[in-house]
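Residues 1 to 371, numbered by our numbering, are exactly what the sequence shown covers, in order.
I should point out that these hints are in silico values taken from the structure, not numbers from a laboratory. Keep in mind that the hints are not guaranteed to be accurate.
Below, simulated BS3-like cross-link-like pairs (lysine-lysine); rule was C-alpha separation at most 30 Å, straight line [stated by the list, open to error]: (1) K223 / K321; (2) K56 / K364; (3) K221 / K321; (4) K264 / K165; (5) K102 / K79; (6) K79 / K137; (7) K99 / K364; (8) K99 / K79; (9) K205 / K232.
Keep in mind the model is a prediction, meaning the values are calculated, not measured.
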Amino acid sequence: MKRRNFIKSVGLAGLGLMITKSCTLPSSKGEATNSSEFKQWIWSTLGKDDTIERWKPRFEKMQAHNIDGILFQVYSGHKLWYPSATLPNDRDLLNPLIKLGKEYGVEVHAWMWTMPNNNPYYIENHPDWYIVNRQGKPANTHPAYVDYYKFMCLNNPEVQDFLVKNVRELSDIEGLSGVHLDYIRMPDVILAEALQPTYDIVQDKEYPQYDYCYCDICRKKFKEQTGLDSLKDIEEPAESDVWNQFRYDSVTHLVNNLLSPEIKKAGKLATAAVFPNWGSVRQEWSQWNLDAYFPMLYQNFYNEDIDWVRERLEVEIAALKNPVPVYGGLFIPSLTPDELGEAIAKVKETPAKGYSLFSFGDLKEGHWNKI
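Go ahead and model the full structure; you've got the sequences and the hints to work with.
Rendered as structure tokens:
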């Protein structure tokens, strides 16, 4: 679920990220990190009050603290902060920020929402694009949890074309270092434990109103592959390995065969924000072909302590099909400066190549001192 709304709901504060001076990420082969490889990233949203003049001192701050790069949220399923031939945009902030990043030696990556689409035009004119839950309710009219959870269907060919165009347009922007995929998944069938009370729900199993996707396209494709109708022939969908794997593979196909190739073809780095509890969002990211991964290790969402950051990183890095850098995502609103120092130390105990901080606006002077 979108981090900033979760923060408001649970009384925290705001991810939805960098690498130095080069567009080449170091390979990760499981060895311990060292200072020459260890990278520091920051995620940041953009808003109507942002200007290049406002960002100059922020880039100075990042440069002074050896921040290697920043991922700006330039597309949030509706609003854009870059020129687009296919989607309405507010104004172009991305291109000036790319130039500013070059001036201060900080890489700029474009962080985009992938599957949610909250644009009124598509909601009205393409209702068949949206994902359908096990109750038969589409996300454009009955989104799970919050209104912006209007996810599109991963298997719909028209949606796939739409996504490829979005990624291609971003990837072609001159000077951009990479494209960072967020919400490259299905809606959470089970929320992280600490977030469930926010919505007055208990998810002790997979309930139909949160379980996706049962649209005609997904059911037809699954039946062609298995001979089974996922809605009629499977008594307990949550217990069906073949049905779950179909959904994992649907996300993986989109990443490996459609989106990642577009990004890499343009000479950009392909990265993604991913979940530690990947099964709950059908996101088997250990099988993806990207240049780096940023697991969102927000320990408080899972009622865990800071050592859990180290535990999860070790498990996730070991599971990767293609060893590439992994950067532990740390949630600043839940970390005091001392706790941030502890979390960074936990990351350094693993083969991770660095960490990423959510988000720039939440960093206080004490946090900067720990960085």
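Comparing the hints with the structure gives:
For the hint pairing K223 with K321, the CA-to-CA distance comes to about 28 Å; that is within 30 Å, so the pair holds. For the hint linking K56 to K364, the alpha-carbon distance of about 18 Å falls within 30 Å, and the restraint holds. With a CA separation close to 26 Å, the supplied pair K221 and K321 stays within the 30 Å bound. Of the supplied pair hints, the one linking K264 and K165 holds, its CA atoms being roughly 14 Å apart against a limit of 30 Å.
Note on K102 and K79: the hinted pairing holds, with a Cα-Cα distance of about 25 Å set against a maximum of 30 Å. Note on K79 and K137: the hinted pairing holds, with a Cα-Cα distance of about 26 Å set against a maximum of 30 Å. Our distance criterion of 30 Å between C-alpha atoms is met by K99 and K364, whose separation comes to about 26 Å. At most 30 Å may separate the alpha-carbon atoms for a hinted pair to count; K99 and K79 meet this at roughly 22 Å.
Proximity of K205 to K232 is assessed by CA-CA distance (about 20 Å); at most 30 Å being required, the pair is judged to hold.
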